[in-house]
Amino acid sequence: MSRAALLLLADGRFPAGGHAHSGGIEAAIAHQAVHDTDSLQTFCRGRLHTTGLTTAGLAAAAAAGVNPLLLDDAADARTPAPALRAVARRLGRQMMRAARATFPSKDLERLAAARPQGAHQPIVLGLAARAAGLTPLDAAYAAAYENASGPATAAVRLLSLDPLDASSLLAHLSTDLDAVATAAARAADRATAEGVDALPSASSPLLDITGEQHAAWTVRLFAS
Amino acid sequence: MRHSPHPRQPQRTRHHAPAATQRRPVPPPTPAHRQKPRQGRDHRRDERPLGGDRLTIDVTAGDRAALEVTTAAATLALRGPTTAPATYDVRLTVGEHASLRWLPQPLISAADSNLRQTCTVELASTARLLLREEQLLGRANEDPGHLVSRLLVHRAGRPLLDQQTAYGDPEPGWDGPAILHGHRAVGQLLLVDPQMSMRRSPILLRPRSREGCAVLAPLAGGPALLATAVAPTSSTLRELLDEALTHALGQ
Numbered sequence: 001m002s003r004a005a006l007l008l009l010a011d012g013r014f015p016a017g018g019h020a021h022s023g024g025i026e027a028a029i030a031h032q033a034v035h036d037t038d039s040l041q042t043f044c045r046g047r048l049h050t051t052g053l054t055t056a057g058l059a060a061a062a063a064a065g066v067n068p069l070l071l072d073d074a075a076d077a078r079t080p081a082p083a084l085r086a087v088a089r090r091l092g093r094q095m096m097r098a099a100r101a102t103f104p105s106k107d108l109e110r111l112a113a114a115r116p117q118g119a120h121q122p123i124v125l126g127l128a129a130r131a132a133g134l135t136p137l138d139a140a141y142a143a144a145y146e147n148a149s150g151p152a153t154a155a156v157r158l159l160s161l162d163p164l165d166a167s168s169l170l171a172h173l174s175t176d177l178d179a180v181a182t183a184a185a186r187a188a189d190r191a192t193a194e195g196v197d198a199l200p201s202a203s204s205p206l207l208d209i210t211g212e213q214h215a216a217w218t219v220r221l222f223a224s
Numbered sequence: 001m002r003h004s005p006h007p008r009q010p011q012r013t014r015h016h017a018p019a020a021t022q023r024r025p026v027p028p029p030t031p032a033h034r035q036k037p038r039q040g041r042d043h044r045r046d047e048r049p050l051g052g053d054r055l056t057i058d059v060t061a062g063d064r065a066a067l068e069v070t071t072a073a074a075t076l077a078l079r080g081p082t083t084a085p086a087t088y089d090v091r092l093t094v095g096e097h098a099s100l101r102w103l104p105q106p107l108i109s110a111a112d113s114n115l116r117q118t119c120t121v122e123l124a125s126t127a128r129l130l131l132r133e134e135q136l137l138g139r140a141n142e143d144p145g146h147l148v149s150r151l152l153v154h155r156a157g158r159p160l161l162d163q164q165t166a167y168g169d170p171e172p173g174w175d176g177p178a179i180l181h182g183h184r185a186v187g188q189l190l191l192v193d194p195q196m197s198m199r200r201s202p203i204l205l206r207p208r209s210r211e212g213c214a215v216l217a218p219l220a221g222g223p224a225l226l227a228t229a230v231a232p233t234s235s236t237l238r239e240l241l242d243e244a245l246t247h248a249l250g251q
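Residue numbers (the UniProt record's numbering), protein chains in the order written: chain A, 1 to 224; chain B, 1 to 251.
Watch out, some of these pointers could steer you wrong.
What the hints assert, rightly or not - Just some of the chain B residues that point at chain A, by a computed CB distance under 8 Å:
id	residue
1	T165
2	P172
3	S209
4	G221
Stated by the list, open to error - If you want the ones that stay clear, here's a sample from chain A, every Cβ over 10 Å from chain B, calculated:
id	residue
5	G12
6	G24
7	T37
8	H49
9	Q94
10	G133
No lab work stands behind these hints, which were simulated from the structure alone.
Note that beta-carbon positions come from the ideal geometry of N, C-alpha and C, so glycine has one too.
If we strip away everything but chain B, and leave its shape as in the complex, we get (with noise of 0.2 Å):
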């Protein structure tokens, strides 16, 4: 992981994964479900985009490759010297018969800042695809900013999922009924599988409590399955979505 010399510069500013899984296909032989796979770790203990920082991504797992990627700490967002948003890109791509687990900590929008984050992921019709996104709506007891976070994934070149959301200060009705009606840690699991029977009927977690809730679907755009939970603190949002893996993956 190498960090720009200017982060807090307004200009484009490109991370990489580890050298080993980053752009290089891994060519093993065998089969990617016999490989142990490659890990890599976002070093990046203290990442905080900054108003005006622009950030970017890229990660490739190579046809028959497999590789985890998580990150050392959570990504906060802060206020920078400007008001402009800072932009957070990551763009995904895994190839035939490749595996992708991409587990980042969480992403926390603090008070007054202003971030646009983007996912965007390209899958081969064959690869495999495990990914979270968190996110916490402010820290203790603290406004959130203002989150804009679109997650786009396509699979053999069509959409399988494309979702906006927007929280804080200036949303409309962010925060009431129809949105988020006070939760303040949200986040998804996706599952991509073609080796594996999807379940076909929606599986509801918690949905009589008031303290969180979810539910794990299927996609209709190929065999992938997708989590999505609203909880009050981020450790509830993590059993939310470590119980939904638990059924997608039918144990």
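Same shape as in the complex, but just chain A (with noise of 0.2 Å):
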């Protein structure tokens, strides 16, 4: 295996779309239940402990070789919220298409054909990490990273935050996140053996309600 490959899958600058999401800050913000670095932690935090596990799980069991199809129900189950499920899925057809590219691998081809419309992203990214020759524990890390740093990088342009208090956030942000990809790589084992309903499901009732709320809205800066 290559760390690099790591690297090169968590990175903001990997071809996969998910710049153009907020990870639900735009809500927050508009609902000024987020307005400064202090709440913007709170609620990276709290976006990481719930839907942050809960996608890295899935990555890790992605990696992990559990059926991805059953893990793409197991996604949908989850995810509640029509418009949540709609940006997974679209998210997850961008990402197949840079995964396809950097490391291509026959159970992406698989996915692929059997989910046209695109299979939830963790999945993707799950198994994009199992052809890179990386393990289900690097894949909880990349989809939990992913998870804090998309709401923080948004609320940089969104608030006019200074960019060196987003990531001085993320740095204190450090132990949660190990903690998280620990719980997620753990859970994605047990999957292996017991089926998904191993997985983590921590759920937000606010980030479901805002999420089709933000849908809704007619002009808005971030698709999500």
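Join these two chains into a complex; the hints should help.
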């Protein structure tokens, strides 16, 4: 395996379309629930331990070799908001295009054929990690890091924050990232024996509600 | 409804739904929708899971049965003699052409309580379900305890809905802007009905309100609608879920 592949997958410049999404922070800022670096950090931390844990679990399970179509059903069951399902599949489609070019594999080809409209993004990420020879824990780290860095980066633009504060915030979340990625990888290991119900399904009611609200806006800077 | 003789002991106890509703398939020859539903009421007026308690409820609506179960009063999770979490597991099974309405009163997470709750539902492909879950975080002017709750629904053997929520200290960020943002009442309403033509577009309830809001939307894995609501109080939460049900039934 090449550890450098993990840097490539987790890089915000990897052409997988993530930059167009705010991870719910645009809606939170509009509701004045997030207005400064402290409230941004609380937001990112809460999101990381809920949807972050769930997506990291799915990515790790895909990297561990759990059936990606069963994982896609499991991701649907864990994403009750249709707007967020659509976002996950759109991002999955974009990730698939980038992953097939960079880490081609039969697993990716099979999933692309079975889900032409896009599979849930963390599953594609997990298969790309597997193709690159990375571990389930690596895949979990990439998913968890993206979950926290997405809203932090978007908030820099939306609130005109100092980018140094956003980087500092992500550094403060390092321990949380370690805990989430480790828990996700452990659950993925259980899922290889027990099935997808062993994966985390941590969720947040407010992210589901505001995700649908945001999708109904006529003018918005980010797609989600 | 039977009480365990030692409900405070940290051992497995089992609460049964009324005998007429429990593990007894009702085999009427008429289709389910023509039956008057059998009604079960859980008469535990003072159900208080304490630290270390283990409660399990099993309810089965056999093929073609129609069953409605409510509770007489709210369930209150309290601090117990140990800091170990209490567990409260509900397992619901709904057979072919059967109907279950599971409408318990809210669960209240009192200060210093520690409860892990699961609700696991197995639906046959033709089963109908109406399920409501309401959680109140703390009594009046009280911080909540620690409440971890999982709702897992399978339909025809495939996952339809799988959600776990975790509120109260030490959960990271639980009261922050990504999760509850100060709301103290949270709930869901799930309607599964293969005979109904499900509305496809989501409905936003009170989207501009700061005093509670909800969304009603179709799930991916079957003929099902889910309402998710957050509110400052239990009464607003119930209003939102009732409003969502009216929309869900197309009224």
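Checking the smallest CB distance to chain B, is Q94 (chain A) really beyond 10 Å? holds, 20 Å
P172 (chain B) as chain A interface residue, shortest Cβ-Cβ below 8 Å: Hint holds; P172 (chain B) Cβ to chain A Cβ min 5 Å, cut 8 Å.
Is the nearest CB of chain B more than 10 Å from the CB of G12 (chain A)? Non-interface label stands for G12 (chain A): nearest chain B Cβ at 20 Å, farther than 10 Å.
Grab the minimum C-beta distance from T165 (chain B) to chain A and call the hint holds if it beats 8 Å, violated otherwise. holds, 6 Å
H49 (chain A) remote from chain B - nearest C-beta pair above 10 Å: violated, 5 Å
Are all beta-carbon distances from G133 (chain A) to chain B longer than 10 Å? Correct as stated: the minimum Cβ-Cβ distance to chain B is 30 Å, above 10 Å.
Does G221 (chain B) meet its interface restraint, that is, does its C-beta lie within less than 8 Å of any C-beta in chain A? holds, 6 Å
Grab the minimum beta-carbon distance between G24 (chain A) and chain B and tell me whether it stays above 10 Å. About 7 Å separates G24 (chain A) from the closest Cβ of chain B, which leaves it inside 10 Å; violated.
Minimum Cβ-Cβ distance from T37 (chain A) to chain B exceeds 10 Å: holds, 13 Å
Does S209 (chain B) pass the interface check with chain A, least Cβ-Cβ distance below 8 Å? violated, 10 Å
When each numbered hint is compared with the structure, violations occur for hints 3, 6, 8.
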